[in-house]
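Assemble the whole structure, with the sequences as input and the hints as a guide.
In my numbering, the protein residues as written are 4 to 153.
Hints are computed from structural coordinates only; laboratory data are not their basis.
Any given hint could turn out to be false.
[What the hints assert, rightly or not] Derived SDA-like pairs (lysine to any residue); straight-line CA-CA distance at most 25 Å:
1) K34 with S45
2) K7 with M20
3) K77 with K93
4) K93 with L80
5) K34 with T44
6) K54 with V38
7) K34 with Q47
8) K130 with L144
9) K93 with I112
10) K34 with T18
11) K77 with Q62
12) K25 with E41
13) K54 with L40
14) K77 with R90
15) K25 with E37
16) K34 with I49
17) K25 with L9
18) K124 with Q138
19) K25 with E10
20) K77 with E67
21) K124 with E111
22) K7 with W30
23) K130 with L143
24) K54 with Q73
25) K124 with Q135
26) K34 with E50
27) K124 with I112
28) K25 with V38
29) K25 with E36
30) K77 with N92
31) K130 with N120
32) K7 with E17
33) K25 with L40
34) K93 with C104
35) K54 with A65
36) K34 with L19
37) K77 with L66
38) K93 with E81
39) K93 with S82
40) K34 with E48
Given the structure is predicted, the values throughout are model-derived calculations rather than measurements.
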Amino acid sequence: DLRKILEDLRCQYETLMERNRKETEQWYACKMEEVNLEVITSSQEIESSNKQVTELRRQLQALEINVQAQLTMKENLESSLAETECRYNKYLAELQSQISCVEQRLAEIRAEMECQNQEYKTLLDVKCRLEQEIQTYHCLLEGGQHDIMY
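Set out below in structure tokens:
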């Protein structure tokens with residue numbers, strides 16, 4: 004009887020063990036599938052992230068190159084602007100100098116014209132007096148000849 008009981012217990016135990024083993028294997032297979040799915044998903048996410056990082060690095064390099072080109076262009080334009088300002092300031096100074104010379108010459112010409120105008124007025128005044136004097140002499144001469152003729 005004891006043997007039979009032990010045999011039954013062993014049978015129950017083996018059945019229980021087999022059921023536990025199958026459940027454990029199923030659980031293990033299920034967990035492995037979940038883990039494999041997570042690994043695949045994570046691998047895809049990592050690959051996607053790596054691609055994104057690579058693309059972002061490429062964009063960053065392109066932007067850095069663009070910024071450097073813009074900075075170089077800005078420096079060149081600032082240099083060109085400084086040269087142009089210097090050149091035009093020099094040109095403006097030359098024009099100012101020429102204008103000053105022309106204004107000075109104009110002032111001299113006006114002063115000369117004023118002197119000539121004064122001389123002209125003086126000469127015109129002298130001419131008028133001389134004409135009056137000549138007229139007076141004419142009148143005297145005509146008056147004297149008039150007396151001689153009679």
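For which of the previously enumerated hints does the structure constitute a violation, in increasing order of number? 9, 22 and 24
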